[in-house]
Amino acid sequence: MMADLNGAAMYFLVSFLPLILLLLWSARRIRTAAEFYAVGHEYSGFRNGLAISGDYLSAASFLGISGLIVTSGYAGMLYAVGFFAGWPLILILLADKLRSIGRYTLADVLNDRFSNPSIVLLGTFGYFPVVVIYLAAQFVAMTYLLEYLFGYGYDSSLFALAALALVTAVTGHMIFSSRAQMIKAVLIFSVTLLVTALAYFSAGHEWPALFNVLQVTEVQGAGGHAAEMSLAGHFYLTGGESALALLSLGIALILGPVGLPHIMSRFFSVSDERRARMSVFYATGVIGLFYILIIVLGFLIIARLPDMPPQASAEGANLAAVYLASVVGGDLVAGVFTAVLMTVLLSVMTSLILTGSSALSHDWYALTLGKTRNYRQEQRLHRFASTISVSTAIVIALLSEGQNVAYMVGLAFSFAASVNVPLLLGALYWEGLTARGALIGGWCGLIAATAAVFTGPMVVIDWFGFEQAIFPWRNPALFSISITILAMWYFSVTDQTSEGDGREDEYSD
Amino acid sequence: MPTDQRNLHLQLLVHPDYTALRLRIRAYRRRMASVVAGCYLVFLICFSLFPEVLLTPVSTINPTPWLIPIAVFTILLQFLVTGIYVKTMNTVYDEEMQAIRRDVGL
Numbered sequence: 001m002m003a004d005l006n007g008a009a010m011y012f013l014v015s016f017l018p019l020i021l022l023l024l025w026s027a028r029r030i031r032t033a034a035e036f037y038a039v040g041h042e043y044s045g046f047r048n049g050l051a052i053s054g055d056y057l058s059a060a061s062f063l064g065i066s067g068l069i070v071t072s073g074y075a076g077m078l079y080a081v082g083f084f085a086g087w088p089l090i091l092i093l094l095a096d097k098l099r100s101i102g103r104y105t106l107a108d109v110l111n112d113r114f115s116n117p118s119i120v121l122l123g124t125f126g127y128f129p130v131v132v133i134y135l136a137a138q139f140v141a142m143t144y145l146l147e148y149l150f151g152y153g154y155d156s157s158l159f160a161l162a163a164l165a166l167v168t169a170v171t172g173h174m175i176f177s178s179r180a181q182m183i184k185a186v187l188i189f190s191v192t193l194l195v196t197a198l199a200y201f202s203a204g205h206e207w208p209a210l211f212n213v214l215q216v217t218e219v220q221g222a223g224g225h226a227a228e229m230s231l232a233g234h235f236y237l238t239g240g241e242s243a244l245a246l247l248s249l250g251i252a253l254i255l256g257p258v259g260l261p262h263i264m265s266r267f268f269s270v271s272d273e274r275r276a277r278m279s280v281f282y283a284t285g286v287i288g289l290f291y292i293l294i295i296v297l298g299f300l301i302i303a304r305l306p307d308m309p310p311q312a313s314a315e316g317a318n319l320a321a322v323y324l325a326s327v328v329g330g331d332l333v334a335g336v337f338t339a340v341l342m343t344v345l346l347s348v349m350t351s352l353i354l355t356g357s358s359a360l361s362h363d364w365y366a367l368t369l370g371k372t373r374n375y376r377q378e379q380r381l382h383r384f385a386s387t388i389s390v391s392t393a394i395v396i397a398l399l400s401e402g403q404n405v406a407y408m409v410g411l412a413f414s415f416a417a418s419v420n421v422p423l424l425l426g427a428l429y430w431e432g433l434t435a436r437g438a439l440i441g442g443w444c445g446l447i448a449a450t451a452a453v454f455t456g457p458m459v460v461i462d463w464f465g466f467e468q469a470i471f472p473w474r475n476p477a478l479f480s481i482s483i484t485i486l487a488m489w490y491f492s493v494t495d496q497t498s499e500g501d502g503r504e505d506e507y508s509d
Numbered sequence: 001m002p003t004d005q006r007n008l009h010l011q012l013l014v015h016p017d018y019t020a021l022r023l024r025i026r027a028y029r030r031r032m033a034s035v036v037a038g039c040y041l042v043f044l045i046c047f048s049l050f051p052e053v054l055l056t057p058v059s060t061i062n063p064t065p066w067l068i069p070i071a072v073f074t075i076l077l078q079f080l081v082t083g084i085y086v087k088t089m090n091t092v093y094d095e096e097m098q099a100i101r102r103d104v105g106l
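Those protein sequences? They're chains A and B, same order as listed. All the letters of the first sequence, read from the start, carry residue numbers 1 to 509 under this note's numbering. All the letters of the second sequence, read from the start, carry residue numbers 1 to 106 under this note's numbering.
I should point out that these hints are in silico values taken from the structure, not numbers from a laboratory. A portion of the hints provided could be inaccurate.
Computed footprint of chain A on chain B, listed as stretches where at least three residues anywhere in the stretch have a Cβ under 8 Å from a Cβ of chain A [stated by the list, open to error]:
| id | stretch |
| --- | --- |
| 1 | 6 to 15 |
| 2 | 28 to 36 |
| 3 | 45 to 54 |
| 4 | 72 to 79 |
| 5 | 93 to 103 |
Short derived list, chain B residues pointing at chain A, Cβ under 7 Å [unchecked claim]:
| id | residue |
| --- | --- |
| 6 | Ala20 |
| 7 | Tyr40 |
| 8 | Thr82 |
Fair warning: this is a prediction, and the values are worked out from it, not measured in the lab. All residues carry an ideal CB built from backbone N, CA and C; glycine is no exception.
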């Protein structure tokens, strides 16, 4: 069933090197925000749209969602629909609004609205778990790819990646440009389309039979993952989660991206608004098609691989799509496929390390200290923040062996939805929000989300092996967002100080 | 910003048509955001609370459960809403904003 590992690894190495060189060649080494916002000015709406897609399309989500459809059935589809649904909301609620007030990051908005360093620092702390868990998800995905290709153990592969990430953290610049992101989008879309087409046409499937998982399972009978699939139709729709837990997950998936305004950064890097909006329209088409492809691919894996390798379930099904690629395309397709995925994962990893640490070193330090800032001190803080982010992410990845990476991305989104989204939307749209309400509400949400995760199933059951968790849901967004909003409202309406009455008028439309 | 530009900009801010247009754009944004969030919430509530309904086959001939076309439709609908939003902003509201800006000499 599995490909000849040496063959796939050879094709991987042959493809990986040119891909990395291509990305390095196409990218510019960006050191300042001004350089970043200048790089896309000459692009058309379509090309900039492709670059935006490259920012958003994630190999971790791709591997995770296709694997979740295999292990949890239709429940995996919630991720595909949810990850996409946040995208139009970003455009409508944030993009034009941020552009009209000339502020591009969460810290910018909070600083501009409240002029309170404590709130900017809260935004930085809110961003930290998002970056760290998202980074850990990239590590888990890359570790499994290395393990699959070269046969090293999980820990050894992870430590090799950790060394690379720490070097990036200490020395790296953001290797990042519209052209590099365009190439990234084309690569990941092309290989996904190729594997889907190969799997579909090589078996001569018909659409109705393909999507009827329960029927397919009956035909295949028990054995391998098919035994899990045939448990019950209800499990197959809900993945074994309660209705409230699914609602919580669904809310994290749609709101999470809204709390990451930097993913819209390329919206600001073209010169006029019409072209910027058109580029988002094209990006939406590419991203939507990509998620539909992932859904089809997930069901093709079930249909084509009734006998998944025994280790697949222990791997969180993260490699299900890779196993499919090796079956339908042999070593060549598996090698090229993994090379593209690894390139995209590495690119996301470097971006996360550098943008995450700049949230502390630039956004908070530079914004709050203003003219008194010291460049060398800022650089030291940047390296310190990078190292802390990477180290924490490695520890999480080490403990998260066997976790599905789409689930981990969903968890990162729950922090963004619990802290960043209420702060950002509150600052932009709620005139009555005061600095006190924002500060206390944000901290309440951050503490609630952190406590729910540490007492929830991932930590209590998966990490430490207890039978039952204190907090029942795997994704706490519904719980923590409710606390954030309630606290923001209560501490704003009972605020007797004039603090926070700074710039409400400018933010009122 | 040069003083002349600043004065023109201040004129723009107090222009009655500009204020009215800002209010209309705000209402439009909220409407479209509600449509996007509403569609997804309907999908999410059906998914979470009424899973058995979504597992029903589309027809006796076609065993595909309703969930599949509904999920794909939700994605396509979000794309359509994005398209309508972009077209309206680019052709209707931008044109009106440009006309007001020309009116004050910006």
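Against the structure, the hints:
1. 6 to 15: The restraint on the stretch 6 to 15 of chain B is violated, since only 0 of its residues have a Cβ under 8 Å from chain A and three are required.
2. 28 to 36: Answer holds; 4 residues pass the 8 Å Cβ test.
3. 45 to 54: Per the Cβ count (7), the hint holds.
4. 72 to 79: Holds: 6 residues of the stretch 72 to 79 of chain B have a Cβ under 8 Å from chain A.
5. 93 to 103: violated (count 1)
6. Ala20: For Ala20 of chain B, the interface hint is violated, since the closest Cβ of chain A sits about 11 Å away, which is over 7 Å.
7. Tyr40: 4 Å, holds
8. Thr82: 5 Å, holds
The structure does not agree with the numbered hints 1, 5 and 6 stated previously, though it agrees with the rest.
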